[in-house]
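Undergrad: Given only the sequences and the hints, what does the whole structure look like? Please build it.
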Amino acid sequence: QKEVEQDPGPLSVPEGAIVSLNCTYSNSAFQYFMWYRQYSRKGPELLMYTYSSGNKEDGRFTAQVDKSSKYISLFIRDSQPSDSATYLCAMTPRGAGKSTFGDGTTLTVKP
Amino acid sequence: DSGVTQTPKHLITATGQRVTLRCSPRSGDLSVYWYQQSLDQGLQFLIQYYNGEERAKGNILERFSAQQFPDLHSELNLSSLELGDSALYFCASSVGGDRLFFGEGSRLTVL
Chain X
1 QKEVEQDPGP
11 LSVPEGAIVS
21 LNCTYSNSAF
31 QYFMWYRQYS
41 RKGPELLMYT
51 YSSGNKEDGR
61 FTAQVDKSSK
71 YISLFIRDSQ
81 PSDSATYLCA
91 MTPRGAGKST
101 FGDGTTLTVK
111 P
Chain P
1001 DSGVTQTPKH
1011 LITATGQRVT
1021 LRCSPRSGDL
1031 SVYWYQQSLD
1041 QGLQFLIQYY
1051 NGEERAKGNI
1061 LERFSAQQFP
1071 DLHSELNLSS
1081 LELGDSALYF
1091 CASSVGGDRL
1101 FFGEGSRLTV
1111 L
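Protein sequences appear in the order of chains X and P. Residue 111 in the numbering used here sits at position 111 of the first sequence, and the numbers go up by one each step. Residues are numbered in the numbering used here as their position in the second sequence, beginning at 1, plus a constant of 1000.
Derived by calculation from the structure, the hints in this document are not laboratory data. There may be inaccurate statements among the hints.
Said to hold, decoys possible - Sample of chain P residues at the chain X side, in silico, Cβ under 7 Å:
(1) Ala1014
(2) Gly1042
(3) Leu1043
(4) Phe1045
(5) Gln1048
(6) Gly1052
(7) Asp1098
(8) Arg1099
(9) Phe1102
(10) Gly1103
(11) Glu1104
To be verified - Here are the simulated DSBU-like pairs of lysine-lysine, each with C-alpha atoms no more than 35 Å apart in a straight line:
(12) X:Lys67 - P:Lys1057
(13) P:Lys1057 - X:Lys2
(14) X:Lys70 - P:Lys1057
As the list claims (entries may be wrong) - Taking CB as the label site, the calculated pair distances span:
(15) P:Glu1082 - X:Arg41: 16 to 26 Å
(16) X:Lys67 - P:Thr1015: 26 to 36 Å
(17) P:His1073 - X:Arg41: 20 to 30 Å
Heads up, the beta-carbon is just placed ideally off N, CA and C, and yes, glycines get one too.
TA: Okay, structure coming up:
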């Protein structure tokens, strides 16, 4: 079993929809939770960074962490065609160290 | 622009050959990470260096090796190449080890 499981997708939504992307994990040592966006096999770009349980909002993006359930989510409001990309969740244990990535969910937002 | 530079961007070579991929981290970042991304797999962690010393190792093949130099740039050496080594190789750098900043990747094709 993988340490990080990500909903595989692909996901296709109309422009303006609310998108929910999800990951679960098994390692309770994970302390830092990130979402990266990757366009067309380009380098992943850090989108959201959270520490501990709770919500963090940045514009149209909200990252949610539930450590008790070992579950994290990324919500995208008012989705745009420019949001079409692969989204990767990633987690890092306490004391830093290597990040473990989910396999990614490919999102297509249709105009 | 993440500030992480990788060269070459594309590389085509034959089985059995050896190649070297180069990475310059963001200014001030002491940690360098190497990841492999194949078409059918997510980001696989290979190895991490911190200020010239190996800090963590992932599923890196014995045919692969890396090092980080005093000026903090890093090189990933891939030898006795096989068809299955064809992939995108990403370098990332970090200050604290949680948030990673990725380069644009080196696309390796082994024929």
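Undergrad: Can you confirm whether the C-alpha distance between P:Lys1057 and X:Lys2 stays at or below 35 Å?
TA: With Cα atoms ~17 Å apart, P:Lys1057 and X:Lys2 stay inside 35 Å; holds.
Undergrad: Can the suggested window of 16 to 26 Å be confirmed for the beta-carbon pair P:Glu1082 and X:Arg41?
TA: For X:Arg41 against P:Glu1082, whose Cβ atoms are near 21 Å apart, the range 16 to 26 Å holds.
Undergrad: Going by Cβ atoms only, is P:Phe1102 closer than 7 Å to chain X?
TA: holds, 4 Å
Undergrad: Is the interface hint satisfied for P:Gly1103? The criterion is a beta-carbon contact with chain X at less than 7 Å.
TA: holds, 5 Å
Undergrad: Measuring from beta carbon to beta carbon, are P:His1073 and X:Arg41 in 20 to 30 Å?
TA: holds, 23 Å
Undergrad: For the pair we were handed, X:Lys67 and P:Lys1057, check the Cα-Cα distance against 35 Å.
TA: Holds: X:Lys67 and P:Lys1057 sit about 26 Å apart, inside 35 Å.
Undergrad: With a cut-off of 7 Å on the beta carbons, see whether P:Gly1052 makes it to chain X.
TA: violated, 17 Å
Undergrad: At a threshold of 7 Å, is the proposed contact between P:Gly1042 and chain X supported by beta-carbon distances?
TA: Result: holds, 4 Å to nearest chain X Cβ.
Undergrad: Double-check P:Asp1098 for me: the hint is only fine if its C-beta lies closer than 7 Å to a C-beta in chain X.
TA: This interface hint holds because 4 Å falls under the 7 Å limit.
Undergrad: Please check whether P:Arg1099 passes as an interface residue: C-beta within 7 Å of a C-beta belonging to chain X.
TA: Interface hint status for P:Arg1099: holds (5 Å vs cutoff 7 Å).
Undergrad: Indicate whether the distance between the beta carbons of X:Lys67 and P:Thr1015 respects the range 26 to 36 Å.
TA: violated, 46 Å
Undergrad: Check the hint pairing X:Lys70 with P:Lys1057 against an upper bound of 35 Å on the C-alpha distance.
TA: holds, 25 Å
In this structure, the hints that do not hold are numbers 1, 6, 16, in rising order.
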